[in-house]
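J.: Hey, can you work out the whole structure from these sequences and the hints?
This note's numbering puts the first residue of the sequence shown at 71, with every later residue one more than the last.
Derived by calculation from the structure, the hints in this document are not laboratory data. Incorrect hints may have been included.
[Unchecked claim] No farther apart than 25 Å at their CA atoms in a straight line, the calculated lysine to any residue pairs in the SDA-like style are these: (1) Lys108 with Leu80; (2) Lys108 with Ala79; (3) Lys115 with Leu102; (4) Lys115 with Thr97; (5) Lys108 with Ala123.
[What the hints assert, rightly or not] Label-pair restraints from in silico Cβ distances: (6) Thr216 with Arg106: 48 to 56 Å; (7) Ser136 with Leu80: 18 to 26 Å; (8) Ser83 with Ser136: 15 to 23 Å.
The beta carbon of each residue, even a glycine, is placed where N, CA and C say it ideally should be.
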Amino acid sequence: MTSHQDTIALSVSDRWKRYCYLEWLDTYLWRLPRRRRKEIRAELKQNLAVASADATMTEAIDEHGSPRALARQYLDAEPTQGPLWAHGAIAVLVVIVAWVFATFAYVVGALDTLDALGSQGPATIGFLGVTIEAESSPDFMGATFTGFSWPTLIVAVLALLVFSRVWRMGRARSTG
Numbered sequence: 071m072t073s074h075q076d077t078i079a080l081s082v083s084d085r086w087k088r089y090c091y092l093e094w095l096d097t098y099l100w101r102l103p104r105r106r107r108k109e110i111r112a113e114l115k116q117n118l119a120v121a122s123a124d125a126t127m128t129e130a131i132d133e134h135g136s137p138r139a140l141a142r143q144y145l146d147a148e149p150t151q152g153p154l155w156a157h158g159a160i161a162v163l164v165v166i167v168a169w170v171f172a173t174f175a176y177v178v179g180a181l182d183t184l185d186a187l188g189s190q191g192p193a194t195i196g197f198l199g200v201t202i203e204a205e206s207s208p209d210f211m212g213a214t215f216t217g218f219s220w221p222t223l224i225v226a227v228l229a230l231l232v233f234s235r236v237w238r239m240g241r242a243r244s245t246g
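T.: Now the structure itself:
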């Protein structure tokens with residue numbers, strides 16, 4: 071089964087012009103899902119090949135308009151995308167991992183300091199809202215955590231809202 075596109079022989083120059091046009095268009099369509107961009111690209115690739123059979127590739131491209139204007143038409147016709155919750159969840163995970171790593175480094179530093187001072191008793195320190203009781207002796211090294219890290223929670227919620235682009239929620243409902 072061959073498509074109409076397979077029967078149209080394009081010169082290297084025409085294929086290059088079409089490729090560049092489609093690449094520019096693709097950069098303006100970045101907000102669309104990848105699958106939809108591929109569908110648009112395949113459709114336009116065939117349309118340009120057919121149109122170039124009757125005229126030059128430059129004229130066929132000019133008939134479609136600038137990549138930015140054509141992309142705007144596609145974007146206006148597509149339903150708007152809602153929040154990207156997966157991106158927000160990844161951002162929250164990054165915040166949590168960073169907090170755990172920073173807390174671990176802080177506790178290791180505190181334990182190293184206690185060990186260097188030869189301190190036998192526990193030392194109470196605070197880190198981002200969490201109270202840490204660190205103890206170091208020749209036989210034992212440990213830390214106890216109490217409290218809750220409100221600053222980390224606030225940063226995690228802000229990361230969720232920003233990276234999931236929660237402001238899209240209103241636009242997605244208004245057009246749906």
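J.: Each of the hints needs a verdict: does it hold here or not?
T.: Taking the hints in turn, this is what the structure says about them:
1. Restraint check: the Cα-Cα separation between Lys108 and Leu80 comes to about 21 Å, which is no more than 25 Å; the hinted pair holds.
2. Distance restraint check for Lys108 and Ala79: the Cα-Cα separation of roughly 22 Å lies within the 25 Å cut-off, and the hinted pair is therefore satisfied.
3. As the CA atoms of Lys115 and Leu102 are separated by approximately 18 Å, the hinted pair is consistent with the 25 Å bound.
4. At most 25 Å may separate the alpha-carbon atoms for a hinted pair to count; Lys115 and Thr97 meet this at roughly 16 Å.
5. Our distance criterion of 25 Å between C-alpha atoms is met by Lys108 and Ala123, whose separation comes to about 23 Å.
6. Separation of Thr216 from Arg106 is about 51 Å and conforms to the stated range, judged on CB atoms against 48 to 56 Å.
7. Distance hint check: the CB atoms of Ser136 and Leu80 are about 21 Å apart, consistent with the given range 18 to 26 Å.
8. Evaluation of the 15 to 23 Å hint for Ser83 and Ser136 yields a pass: the beta carbon distance comes to about 20 Å.
Hint compliance for this structure: no hint is broken.
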